[in-house]
Amino acid sequence: MQGLLKEFISIFPGIESFILMEPKMAIARVVLILLGMFLCYLGYKHILDPLLMIPMGVGISMVNAGILIMPHTGEFGTMFLNALVETPAQHIDAFQIYFLQPIYALTFSNGLIACIVFIGIGSITELDFFIANPKMSLLLAIPAELGSILTFPIALMFGLTAAEAAAVSIIGGADGPMVLFASLQLARHLFVPIAIVAYIYLSIIYAGYPFMIKLLIPRRLRGVPMTDFKVTQVSSGEKIAFSIVTGSILCLLFPVASPLFASFFLGVIIRESKITRFIKFTDDVCLSGATLFLGFTLGCLLSADIMVEPILFKLIVLGFIALFLSGLGGIAGGLIAYKVSGGRINPLLGIAGVSCIPTTAKVVHKCAQEVNPQAFIMPYAMGPSIAGVITSAIIAACYITMIPQFTN
Amino acid sequence: MKFWLALKFALNIYIIATFITLLVLGVVNLIKKFTGGKKDNLK
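Top line first, the protein sequences correspond to chains A and B. Residue numbering for the first sequence follows the numbering used here, starting at 12 and increasing by one per position. Residue numbering for the second sequence follows the numbering used here, starting at 167 and increasing by one per position.
Bear in mind the hints are in silico, worked out from the structure with no lab data behind them. You may find that some hints are simply not true.
[Stated by the list, open to error] Derived CB-CB ranges, DEER-like:
| hint | chain 1 | residue 1 | chain 2 | residue 2 | range |
| --- | --- | --- | --- | --- | --- |
| 1 | A | R230 | B | L189 | 33 to 39 Å |
| 2 | A | F23 | B | I181 | 56 to 62 Å |
| 3 | B | L196 | A | I327 | 40 to 46 Å |
| 4 | A | L117 | B | K199 | 42 to 48 Å |
| 5 | B | L196 | A | A100 | 48 to 54 Å |
| 6 | B | L189 | A | R288 | 32 to 38 Å |
| 7 | B | L196 | A | R230 | 36 to 42 Å |
| 8 | B | I181 | A | G25 | 52 to 58 Å |
| 9 | A | E320 | B | L196 | 48 to 54 Å |
| 10 | B | L196 | A | Q416 | 29 to 35 Å |
[Unchecked claim] List time: in silico BS3-like cross-link candidates among lysine-lysine, alpha-carbon distance up to 25 Å:
| hint | chain 1 | residue 1 | chain 2 | residue 2 |
| --- | --- | --- | --- | --- |
| 11 | A | K56 | A | K373 |
| 12 | A | K285 | B | K199 |
| 13 | A | K350 | A | K225 |
| 14 | A | K146 | B | K199 |
| 15 | A | K225 | A | K373 |
| 16 | A | K291 | A | K373 |
| 17 | A | K377 | A | K350 |
| 18 | A | K35 | A | K17 |
| 19 | A | K350 | A | K241 |
| 20 | A | K241 | B | K199 |
| 21 | A | K373 | A | K241 |
| 22 | B | K174 | A | K325 |
| 23 | A | K225 | A | K56 |
| 24 | A | K325 | B | K168 |
| 25 | A | K377 | A | K56 |
Built from N, CA and C at the ideal position, the CB exists for glycine as well.
Excised from the complex, chain B in its bound form:
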């Protein structure tokens, strides 16, 4: 019981961290849009 509760809590943290990481990705792309940098750097 304790294990599953803790796992659920840890996975919630993972989801929040993933969401914030995607927010950071959005910030980078927004800055690149403003500064004229390429969105993706593939040749």
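Isolated chain A, as found in the complex:
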């Protein structure tokens, strides 16, 4: 009878792997399958960002359900991808087996996926308010980077190495592609858990920051309509000149992060050059395609063995600290700007400086509208939000360039 049951179970390798693997791993698999379904549900209900959570949730559930004993190695594995291959020969073999291997090997390992997302983000970025009010936008973005700075020493106290601490600190910049790029440069072995923690937190921002805002900014200040500022159209020539000059200067200062700067400003220049075919390609194909495969591949990389690693808990805590401190810094910056401007700047704009374009801008606009329906601050919030992308890229570039000096 037992032999018959064993034979029956062997027909279904996924169930067989459940029985044969360590109980700790089997439990982690069940938790991850359920987590994937839950993320999918939250994405479907638009509680979390559906663009990322749906593909990521599907990936997490299905990769952990589809574990089997691989015929060629005799070890547990999946038909999705193998993140452990290193040599070119292993890659060639892996291409024949794992269907996501080409995407992972050719776009994740070198940070290309982050750059494609950045081209797309650049092509949908409206620079008008930023160029019209650069001082306000950039000065609000600086305090909103507090989490990227203060998380670094805290992470070291958690026992992480300097490079790992810098990689996790960049979560404070609230910029997914930046976290992906920087973690690949600084702590390649941790890029999967760091990227997953970052993307889940970035989705939670939409629900989490309004709580912080309501808790720390008085109601009457949230409704400042900013009527003293006008949103003017800035010429395309100005925006292109800004992009090419700033991009070149930043590439000159930080060659290690130049792929990110080049990608972002290329997207902006394509938009402002009004090359319709390129705009369609960068928006519809690049951004949508890269976001889909980014979410799905990251989900497929979250296997049970990562879940049981003790460092994951540290990363979850540090990611929270980074985004919390950045939010706190943003709010402090916003309140200072409100005071200095004599009450003309809505303090909510400070939190828009925490990058995560355009989520934070949408969040602050929604919070202002709840208090005062006349406060239409979305266009103003886009200025600090864009400045946040630039400052978080600068901080990420500083970390990538200077970490070897700190280690020495």
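Given chain A's structure and the hints, the job is docking chain B onto it.
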């Protein structure tokens, strides 16, 4: 000791990043000067 050293390093990065951000601000204002745009957009 390690914490304070790391904090000092992180604050140095903050200062450098702030300086570069101000450089970006200078670039925007310079471009606006050349293209005839207003330096500040207050009404």
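Verification of the hints:
no., hint, result
1, R230/A to L189/B: 33 to 39 Å, "holds, 38 Å"
2, F23/A to I181/B: 56 to 62 Å, "holds, 60 Å"
3, L196/B to I327/A: 40 to 46 Å, "holds, 44 Å"
4, L117/A to K199/B: 42 to 48 Å, "holds, 44 Å"
5, L196/B to A100/A: 48 to 54 Å, "holds, 52 Å"
6, L189/B to R288/A: 32 to 38 Å, "holds, 34 Å"
7, L196/B to R230/A: 36 to 42 Å, "holds, 40 Å"
8, I181/B to G25/A: 52 to 58 Å, "holds, 54 Å"
9, E320/A to L196/B: 48 to 54 Å, "holds, 49 Å"
10, L196/B to Q416/A: 29 to 35 Å, "holds, 31 Å"
11, K56/A to K373/A, "holds, 18 Å"
12, K285/A to K199/B, "holds, 24 Å"
13, K350/A to K225/A, "holds, 18 Å"
14, K146/A to K199/B, "holds, 14 Å"
15, K225/A to K373/A, "holds, 15 Å"
16, K291/A to K373/A, "holds, 24 Å"
17, K377/A to K350/A, "holds, 22 Å"
18, K35/A to K17/A, "holds, 22 Å"
19, K350/A to K241/A, "holds, 20 Å"
20, K241/A to K199/B, "holds, 19 Å"
21, K373/A to K241/A, "holds, 19 Å"
22, K174/B to K325/A, "holds, 22 Å"
23, K225/A to K56/A, "holds, 23 Å"
24, K325/A to K168/B, "holds, 18 Å"
25, K377/A to K56/A, "holds, 18 Å"
In this structure, none of the earlier numbered hints is contradicted; all agree with it.
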